[in-house]
Amino acid sequence: MNAGFDWVALAEYSAIGLLSGGLLALVALGFVLIYKGTGVINFAMGEFMMLGAYFFYTANVMWKLPTALALALTLAAVALVAAVIERLLLRPLSGQPVISVLMATIGLASALHGGVDALWGGNNYEMPTLLPRKPLTPGDILIPGQVFWSFVLAAVIITAFTLYFRFSKTGIAMRAAASDPLTAYVLGIDVRRTQALTWMFAGIVGAVAGIVVASMTSLSPALGSAALGVLAVIILGGLDSIAGAIVAGLVIGLIESLTAAYLGGKVRDIVPYATVLVILLIRPYGLFGTRQIERL
Amino acid sequence: MRIGDFRASYAHDEALWPTRVQQAWLVVLALALLLLPLGVNGYVVGLACMVGIHCIAAAGLNIMTGYTGLISLGHAAFMGVGCYAAAWAAQRGVPTLLTLLFAGGLAALLGIVVGLPSLRIKGLYLAVATLATQFLLVYVFREWDAVTGGVRGVNVPNAQIFGWELLNDQRMYYLILPVAALMLVAARNLFRTRVGRAFIAIRDKDISAEVLGIDLLHYKLASFALGSFYAGVAGALLGYFYRAMTPEYFTLQLSIFYLAAIIVGGLGSMLGTILGAVFMTLVPEVLRAVVALIAQWAPRATEVLSPIQQVVFGLLIMGFLVFEPHGLLEIWRRVRRTFHLWPFRA
Amino acid sequence: MNSPAPPLLQVDDLHLSFGGIKALQGVSLAARAGQITAVIGPNGAGKTSLFNAISGFYRPQQGSVRFAGEDINRHKPARRAAMGLARTFQNVALFRGMSVLDNIKLGGHTRLHANPLSALWYLGPARREEMALRREIERDVIDFLEIDHVRNHSVASLPYGLQKRVELARALAMKPQVLMLDEPVAGMNREETEDMARFILDIQEERGVTVLLIEHDMGLVMDISNHVVVLNFGQVIGQGTPAEVRRQPEVVRAYLGGTAAAEVAA
Numbered sequence: 001m002n003a004g005f006d007w008v009a010l011a012e013y014s015a016i017g018l019l020s021g022g023l024l025a026l027v028a029l030g031f032v033l034i035y036k037g038t039g040v041i042n043f044a045m046g047e048f049m050m051l052g053a054y055f056f057y058t059a060n061v062m063w064k065l066p067t068a069l070a071l072a073l074t075l076a077a078v079a080l081v082a083a084v085i086e087r088l089l090l091r092p093l094s095g096q097p098v099i100s101v102l103m104a105t106i107g108l109a110s111a112l113h114g115g116v117d118a119l120w121g122g123n124n125y126e127m128p129t130l131l132p133r134k135p136l137t138p139g140d141i142l143i144p145g146q147v148f149w150s151f152v153l154a155a156v157i158i159t160a161f162t163l164y165f166r167f168s169k170t171g172i173a174m175r176a177a178a179s180d181p182l183t184a185y186v187l188g189i190d191v192r193r194t195q196a197l198t199w200m201f202a203g204i205v206g207a208v209a210g211i212v213v214a215s216m217t218s219l220s221p222a223l224g225s226a227a228l229g230v231l232a233v234i235i236l237g238g239l240d241s242i243a244g245a246i247v248a249g250l251v252i253g254l255i256e257s258l259t260a261a262y263l264g265g266k267v268r269d270i271v272p273y274a275t276v277l278v279i280l281l282i283r284p285y286g287l288f289g290t291r292q293i294e295r296l
Numbered sequence: 001m002r003i004g005d006f007r008a009s010y011a012h013d014e015a016l017w018p019t020r021v022q023q024a025w026l027v028v029l030a031l032a033l034l035l036l037p038l039g040v041n042g043y044v045v046g047l048a049c050m051v052g053i054h055c056i057a058a059a060g061l062n063i064m065t066g067y068t069g070l071i072s073l074g075h076a077a078f079m080g081v082g083c084y085a086a087a088w089a090a091q092r093g094v095p096t097l098l099t100l101l102f103a104g105g106l107a108a109l110l111g112i113v114v115g116l117p118s119l120r121i122k123g124l125y126l127a128v129a130t131l132a133t134q135f136l137l138v139y140v141f142r143e144w145d146a147v148t149g150g151v152r153g154v155n156v157p158n159a160q161i162f163g164w165e166l167l168n169d170q171r172m173y174y175l176i177l178p179v180a181a182l183m184l185v186a187a188r189n190l191f192r193t194r195v196g197r198a199f200i201a202i203r204d205k206d207i208s209a210e211v212l213g214i215d216l217l218h219y220k221l222a223s224f225a226l227g228s229f230y231a232g233v234a235g236a237l238l239g240y241f242y243r244a245m246t247p248e249y250f251t252l253q254l255s256i257f258y259l260a261a262i263i264v265g266g267l268g269s270m271l272g273t274i275l276g277a278v279f280m281t282l283v284p285e286v287l288r289a290v291v292a293l294i295a296q297w298a299p300r301a302t303e304v305l306s307p308i309q310q311v312v313f314g315l316l317i318m319g320f321l322v323f324e325p326h327g328l329l330e331i332w333r334r335v336r337r338t339f340h341l342w343p344f345r346a
Numbered sequence: 001m002n003s004p005a006p007p008l009l010q011v012d013d014l015h016l017s018f019g020g021i022k023a024l025q026g027v028s029l030a031a032r033a034g035q036i037t038a039v040i041g042p043n044g045a046g047k048t049s050l051f052n053a054i055s056g057f058y059r060p061q062q063g064s065v066r067f068a069g070e071d072i073n074r075h076k077p078a079r080r081a082a083m084g085l086a087r088t089f090q091n092v093a094l095f096r097g098m099s100v101l102d103n104i105k106l107g108g109h110t111r112l113h114a115n116p117l118s119a120l121w122y123l124g125p126a127r128r129e130e131m132a133l134r135r136e137i138e139r140d141v142i143d144f145l146e147i148d149h150v151r152n153h154s155v156a157s158l159p160y161g162l163q164k165r166v167e168l169a170r171a172l173a174m175k176p177q178v179l180m181l182d183e184p185v186a187g188m189n190r191e192e193t194e195d196m197a198r199f200i201l202d203i204q205e206e207r208g209v210t211v212l213l214i215e216h217d218m219g220l221v222m223d224i225s226n227h228v229v230v231l232n233f234g235q236v237i238g239q240g241t242p243a244e245v246r247r248q249p250e251v252v253r254a255y256l257g258g259t260a261a262a263e264v265a266a
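Protein chains in written order, with this note's numbering: chain L, 1 to 296; chain V, 1 to 346; chain R, 1 to 266.
It is possible that some hints are incorrect.
Pairs of lysine to aspartate or glutamate, EDC-like flavour, derived with a Cα cap of 16 Å [what the hints assert, rightly or not]:
| hint | chain 1 | residue 1 | chain 2 | residue 2 |
| --- | --- | --- | --- | --- |
| 1 | R | Lys175 | R | Glu205 |
| 2 | L | Lys266 | V | Glu143 |
| 3 | R | Lys76 | V | Glu143 |
| 4 | R | Lys76 | V | Asp206 |
| 5 | L | Lys169 | L | Asp190 |
| 6 | L | Lys36 | L | Asp180 |
DEER-style ranges, computed between Cβ atoms [unchecked claim]:
| hint | chain 1 | residue 1 | chain 2 | residue 2 | range |
| --- | --- | --- | --- | --- | --- |
| 7 | L | Leu119 | V | Tyr242 | 45 to 51 Å |
| 8 | L | Pro92 | R | Ala186 | 42 to 48 Å |
| 9 | V | Asp13 | R | Gly240 | 21 to 27 Å |
| 10 | L | Trp63 | V | Phe339 | 55 to 61 Å |
| 11 | L | Gln96 | V | Thr251 | 55 to 61 Å |
| 12 | V | Val286 | L | Leu263 | 29 to 35 Å |
| 13 | R | Ala186 | V | Val185 | 42 to 48 Å |
| 14 | V | Gly4 | R | Met131 | 22 to 28 Å |
| 15 | L | Leu263 | V | Thr251 | 22 to 28 Å |
| 16 | R | Asp71 | V | Pro178 | 32 to 38 Å |
| 17 | R | Met131 | V | Gly42 | 27 to 33 Å |
| 18 | L | Gln96 | V | Trp342 | 49 to 55 Å |
The following residues of chain V were derived to be distant from chain L, with all beta-carbon distances above 12 Å [unchecked claim]:
| hint | residue |
| --- | --- |
| 19 | Arg7 |
| 20 | Leu31 |
| 21 | Ala32 |
| 22 | Gly69 |
| 23 | Val94 |
| 24 | Ala132 |
| 25 | Gln170 |
| 26 | Val185 |
| 27 | Leu271 |
| 28 | Val311 |
| 29 | Trp332 |
| 30 | Arg337 |
These are calculated hints, taken from the structure and not from any lab test.
C-beta: ideal position from N, C-alpha, C; glycine also.
So here's chain L without its partners, still in its complex pose:
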């Protein structure tokens, strides 16, 4: 008869936490892409998630299109929106101080959030289940199927992106344009096109994450605000590190799961924000971020 600590429960919460961190890492990836690719701090990542989820809902549930087609249309639409944003908002502001661009993305987030809320209304909608529900039971612990498969999906997408950036011609061009636009221009790389591509990729990544999260919970405008919790992941992982985003995503997922399990649901809402403040106190540049050295 064991009256001791419930290790199985701990293992279960931990596993679920780590796996749900996969989605957080995915959204963080989108953010890091834009920061590394264009130097812009994009406060509107959550709104990309919203757009993805709402577009998919419209295509799949309202227009009753088959899932694959709805998905394709959604991603194309979000990519288009991202490209338009890059062209109309970010390009005129290139060269402006960082805080101006930051405020612009804050304004963008506000406009997109309000737009979605106005067009679709503030109610909760039911999204179709996209990932297999059947739970996995390794040993004594129970992992919900959706959590596991969302992790797999995130892992696949992140790996695909990492390989793409490493080895494909466009990917290398994007990295070049990100680290030294002037030299990239001179070498014949179309920097403007790569920056537009960066935004489109980030939009797609955010949209996928949004669709998955919405199908696991529900569809409502609160989805956009939930992504602000991803900021904790970004801060922890360092602004410009993809590896950092991954590790941080898992860690934050773990923390969220454990605090929700042991401290209750209400606290869960503010856990990301409290975490952010703690991280800023101890290690502001995150786990992997590069400490900025300014050229004098």
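Starting from the structure of chain L, add chains V and R where the hints point.
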């Protein structure tokens, strides 16, 4: 055309309103503001009170963001702190003017606590820290029943100035107007001294600022504390004005509202603050009127008022940043230049 | 011959590396009080890194910086400024959101005392010290550098040469003991260079300020310096009076190549 404007002393050159014409206009404006409640209905007086409160809050945000370059997304939460502090003190019989100081002081203290870790590093981190603070404080407002009344909110007794109870909007106006005027002039004064100049230097090129002997952390904290003080006072006045308050008022959307106000009005300028505050007070009113009009054909329109506001705020921020980054102030200055140089062209 | 003035700024065996890059390897130099010391050398020799180490932006791995005998290695840049160390930058580092006058007034920051409270109120001590500062700047800096006609202009609207002069004005407003100038005449034509040379000499002679300058314009360096230090690849390869340094073979080799050095040695 402006002619004969010469300055015979440095004191004259450094004055806020050096020319006779400016001084005359100032007197006219002062008279108009003092006599306003007598000539308009209660609704407009209420609106004028809100403009005053918005001016104070926006001035605080402009000091932090416009002049010093520190982005705060938690300004609304600091107003909330001021509001609840004022409610707490007023319920215990503290005189109104002292309550305002207490509210501002508490907010300033909190600003220092929040600023301390995040001001050591660059822009984004402060924005995120203030965002986190915004959510955390709202959580506290909702949960700390004993002090804030939780979700139900709190009641604020009538404001009193030396025994004279401010029972209605008209009387509140005569409290808000001088407080706002004083605080705006005080903020402007900052930038006639080394303190304000240090703020601007930090925004423009903090490395140069260091080389001139400016302790970055010290001045960033001072800027953040001052801005939060202003937010606290604005929040306190808000509480007195509405006589009750709930946590739902101090949302992220309100923080973004004030950000829009200073961007639209003009970053780094007190006149810009006023222009922005007036403009942004009118925007929701205009939207409400438009939506009411549309509701005649599309009854569902009133539901979307709040999200439409969010869209408009966002568009205003983006639009002004792209097309008129110096805000309404720049438009004002262009008009003034045309008058100063007439009949010659600007 | 007078005994040499004591060194006001002393750098001893400074080693500075960034990751694998060794910017400074054992650099030692002394800027004597009231003299103009020039630091010259090809691009990438480490001159600006040296200035940044003296300013306090980089912490050297080894070595010391002494100001008026005091070790300032652990002092932050703001503290060094308060001690009397002023500097200009290679790329003009003026505050673009302010007028010329406000930029210059910032030079007086460490000598003023207003705090946020007295600043908000303004009338009284803050106003008095502002007026005193204005008078002093007009008399000692603006008149001297002949920039009175642009005092209310925004710095962004000024031509490059005037911007550099405003930056010098701002450094002067600090009433420094040591003035570090990073390429003060870069990009200037003959006339502007001569004006600047005149200003720097006046600063040295009339105000007794110790000047340490980085420059590529050899004419200027040879004409006004009392002492020249030559850097290459992060090391001092020669120092002395301008005439002495001009003849050192190492120096000639660094600038002109091997055969020229051989000619000089012969």
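Going through the hints against the structure:
1. Lys175/R / Glu205/R: Status holds; Cα separation ~14 Å.
2. Lys266/L / Glu143/V: holds (10 Å)
3. Lys76/R / Glu143/V: With Cα atoms ~43 Å apart, Lys76/R and Glu143/V exceed 16 Å; violated.
4. Lys76/R / Asp206/V: holds (13 Å)
5. Lys169/L / Asp190/L: Distance ~12 Å between Lys169/L and Asp190/L Cα, so the pair holds.
6. Lys36/L / Asp180/L: It holds: about 11 Å lies between the C-alpha atoms, which stays within 16 Å.
7. Leu119/L / Tyr242/V: 45 to 51 Å: violated (32 Å)
8. Pro92/L / Ala186/R: 42 to 48 Å: violated (32 Å)
9. Asp13/V / Gly240/R: 21 to 27 Å: Since Asp13/V and Gly240/R have Cβ atoms about 49 Å apart, the given range 21 to 27 Å is violated.
10. Trp63/L / Phe339/V: 55 to 61 Å: holds (57 Å)
11. Gln96/L / Thr251/V: 55 to 61 Å: At 28 Å between Cβs, range violated.
12. Val286/V / Leu263/L: 29 to 35 Å: Once the Cβ atoms are compared, 45 Å apart, the range 29 to 35 Å for Leu263/L and Val286/V is violated.
13. Ala186/R / Val185/V: 42 to 48 Å: holds (43 Å)
14. Gly4/V / Met131/R: 22 to 28 Å: holds (24 Å)
15. Leu263/L / Thr251/V: 22 to 28 Å: holds (24 Å)
16. Asp71/R / Pro178/V: 32 to 38 Å: Since Asp71/R and Pro178/V have Cβ atoms about 54 Å apart, the given range 32 to 38 Å is violated.
17. Met131/R / Gly42/V: 27 to 33 Å: violated (46 Å)
18. Gln96/L / Trp342/V: 49 to 55 Å: violated (33 Å)
19. Arg7: holds (33 Å)
20. Leu31: holds (37 Å)
21. Ala32: holds (33 Å)
22. Gly69: violated (6 Å)
23. Val94: For Val94/V, whose nearest Cβ neighbour in chain L is about 31 Å away, the distance exceeds 12 Å, so it holds.
24. Ala132: Its Cβ does come within 12 Å of chain L, the nearest being 4 Å, so this is violated.
25. Gln170: holds (34 Å)
26. Val185: holds (26 Å)
27. Leu271: holds (20 Å)
28. Val311: violated (4 Å)
29. Trp332: holds (20 Å)
30. Arg337: holds (24 Å)
Against the hints set out earlier in the document, violations occur for numbers 3, 7, 8, 9, 11, 12, 16, 17, 18, 22, 24 and 28.
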